[in-house]
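Trainee: Protein chains in written order, with numbering that gives the first Met the number 0: chain R, 0 to 304; chain Z, 0 to 230.
The hints are simulated quantities; they were obtained by calculation from the structure and are not laboratory data.
As the structure is a prediction and not an experimental result, all values here were calculated from the model.
Only true hints are included.
One side only, chain Z facing chain R, incomplete, derived with CB under 8 Å:
1. Ile9
2. Asp45
3. Leu46
4. Ser49
5. Gly129
6. Pro132
Simulated restraints, written as ranges between beta carbons of each label pair:
7. Asp58(Z) with Pro242(R): 32 to 38 Å
8. Gln224(R) with Pro176(Z): 29 to 35 Å
9. Gln108(R) with Arg148(Z): 41 to 47 Å
10. Glu195(Z) with Gly225(R): 38 to 44 Å
11. Leu169(R) with Glu227(Z): 54 to 60 Å
12. Gln112(Z) with Met193(R): 53 to 59 Å
13. Gln63(Z) with Asp83(R): 49 to 55 Å
14. Thr79(Z) with Asn200(R): 48 to 54 Å
15. Pro60(Z) with Gln224(R): 28 to 34 Å
16. Glu227(Z) with Leu159(R): 53 to 59 Å
Coverage of chain R stretches by chain Z, computed from C-beta distances (three or more under 8 Å per stretch; other residues unrestricted):
17. 18-26
18. 122-135
19. 177-187
20. 224-232
21. 235-241
22. 254-265
23. 292-303
Virtual Cβ for every residue (Gly too), placed ideally from N, Cα, C.
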Amino acid sequence: MTQLMIEASTALCQLQDAGRFGVRHLGVTQGGALDWVAMNWANWLLGNPLGAPVIEVALGGFSVVAEQNCVLALAGADLDARVDDQPLLPWRSFALAKGQRLTLKQPKQGVRAYLAAPGGFQGEAVLGSCATVVREELGGIDGRAVAFGKGQRLAFAGTLPALREVPEALRPRYLQKPVLDLVMGAQIGDFSGMSLFEAFNSDWTLDSRADRMGIRLLGPQLVYQGRPMISEGIPLGAVQVPPDGQPIVLLNDRQTIGGYPRLGALTPLALAQLAQCMPGAALRFRAVVQEEAWREQQGYLNRWR
Amino acid sequence: MKLRIEVVAIDSLMVRLFDAIDEANMPWMLAASQRLSAAFGEHLVDLVPSYTTLMVQCDLPPGQARALIIQALEGLQPDTGSGGRRHEIPVWYDASVGPELPVLAARSGLSEQEVIRLHSEREYPVFALGFAPGFGFMGLVDERLASPRLSTPRKRVAAGSVGIAERQTAAYPAVSPGGWNLIGRTPVRLFDREREGYSLLQPGDRVRFVAVSHAEFMALGGDDSPLEALA
Numbered sequence: 000m001t002q003l004m005i006e007a008s009t010a011l012c013q014l015q016d017a018g019r020f021g022v023r024h025l026g027v028t029q030g031g032a033l034d035w036v037a038m039n040w041a042n043w044l045l046g047n048p049l050g051a052p053v054i055e056v057a058l059g060g061f062s063v064v065a066e067q068n069c070v071l072a073l074a075g076a077d078l079d080a081r082v083d084d085q086p087l088l089p090w091r092s093f094a095l096a097k098g099q100r101l102t103l104k105q106p107k108q109g110v111r112a113y114l115a116a117p118g119g120f121q122g123e124a125v126l127g128s129c130a131t132v133v134r135e136e137l138g139g140i141d142g143r144a145v146a147f148g149k150g151q152r153l154a155f156a157g158t159l160p161a162l163r164e165v166p167e168a169l170r171p172r173y174l175q176k177p178v179l180d181l182v183m184g185a186q187i188g189d190f191s192g193m194s195l196f197e198a199f200n201s202d203w204t205l206d207s208r209a210d211r212m213g214i215r216l217l218g219p220q221l222v223y224q225g226r227p228m229i230s231e232g233i234p235l236g237a238v239q240v241p242p243d244g245q246p247i248v249l250l251n252d253r254q255t256i257g258g259y260p261r262l263g264a265l266t267p268l269a270l271a272q273l274a275q276c277m278p279g280a281a282l283r284f285r286a287v288v289q290e291e292a293w294r295e296q297q298g299y300l301n302r303w304r
Numbered sequence: 000m001k002l003r004i005e006v007v008a009i010d011s012l013m014v015r016l017f018d019a020i021d022e023a024n025m026p027w028m029l030a031a032s033q034r035l036s037a038a039f040g041e042h043l044v045d046l047v048p049s050y051t052t053l054m055v056q057c058d059l060p061p062g063q064a065r066a067l068i069i070q071a072l073e074g075l076q077p078d079t080g081s082g083g084r085r086h087e088i089p090v091w092y093d094a095s096v097g098p099e100l101p102v103l104a105a106r107s108g109l110s111e112q113e114v115i116r117l118h119s120e121r122e123y124p125v126f127a128l129g130f131a132p133g134f135g136f137m138g139l140v141d142e143r144l145a146s147p148r149l150s151t152p153r154k155r156v157a158a159g160s161v162g163i164a165e166r167q168t169a170a171y172p173a174v175s176p177g178g179w180n181l182i183g184r185t186p187v188r189l190f191d192r193e194r195e196g197y198s199l200l201q202p203g204d205r206v207r208f209v210a211v212s213h214a215e216f217m218a219l220g221g222d223d224s225p226l227e228a229l230a
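I would like the entire structure built from these sequences, with the hints used as guidance.
Mentor: As structure tokens, then:
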């Protein structure tokens, strides 16, 4: 057993994994790492199952001290990480000697970094997952989604894998103004013609009203002309349009059913990109059909097979 | 019943069976849910039933998933027997834990006793679970009890609170914000991670609320802290 002692953390630093599945019909949300691509790489670097529990660190403010010599991995955002005073870039595994301090300070590029440990960080799996969902009091180290506290230990059981990096060509690029693929959904024909044009030909700005449930976007007002909807299942990445006409992208901690019309849903790759965008950032949507998006996703997953 | 299959996400299809909320949908929804679970087997990632729809999330290519849904639902017959358990949920109806009980009575011109009788005499199907783990949307309540949601939702509603919104009724499984009209409280644990199946209520179950006295509520393990104590 190896342990890291937490010196500093925030409510936005959480134990996450691939999420909770097979329980949506009970009203239980999905949870899980918002940037699943970075989580996969962090785990890949250590030879873990790709969805093993990791620490999702959003915006920084996180610091741990190793209680034994260990090897960890970091992927995703560049949060100005340091091992003691030495800068540490993401997309690599690294050694942390007993007594050394790992600090993730503040965003330099991207928003969310993923810290992985050999064998995965230990947590109390609830309903099949360690994913922390604060609203539902599920997941995390104790199974009740209690926030990390100073002096608390993060434990893992794996040994010391060889150090490696994610090949440069395979690392995601966090673009200034990403174009996010949106699988067109059932209500798309019920928006006004002008709204459809604007949805896919305007810049959208990330609002500061954003959390793990969803991110609001600001831009032209979209007008839905269809009938009021009866609540129905909400998929990950759904782009719903409430009556104010400003879309909300629904993320991992979204409610399970809802009754607002949707343009469709972002692809998993688009969601990983979105998870690295700061409030105030601009983005665009590109319409794609389901079959095409599915093929692209399968191709992307091949890099880990 | 008229089947439509709609795209909702890269790996999800919406199976639409009806256009309106109706208790009579439920035997069809149950049957469809069972058939889809069986047909998809381990390829099913999640199946999310709601009032008129079933969202199928799976790991099959979209075309194959669509064909499998059509095949699974061919010749569908309503499930009037096997599916859906029955529950009796004890409720202590009282203004101290259900402050809208007198409000509903005043609005409808009924006595509080009449409101309680109307709410507890019907058996309600569970249309869907959502909002929070174990939160079952049930209905429809007698038209005289129909009430709009509170214009300002409460920041904290006690676990077990029983409420009405429009013609639906539900009980809050855990402390949460909420805008429903509260009329009482149940001592029953609606969501329990130690329980087989986790949630007391499952889509398609049937529920009758049973009025109990304060003494019975306490004996069943209820917490009678007034709502104001939570604020």
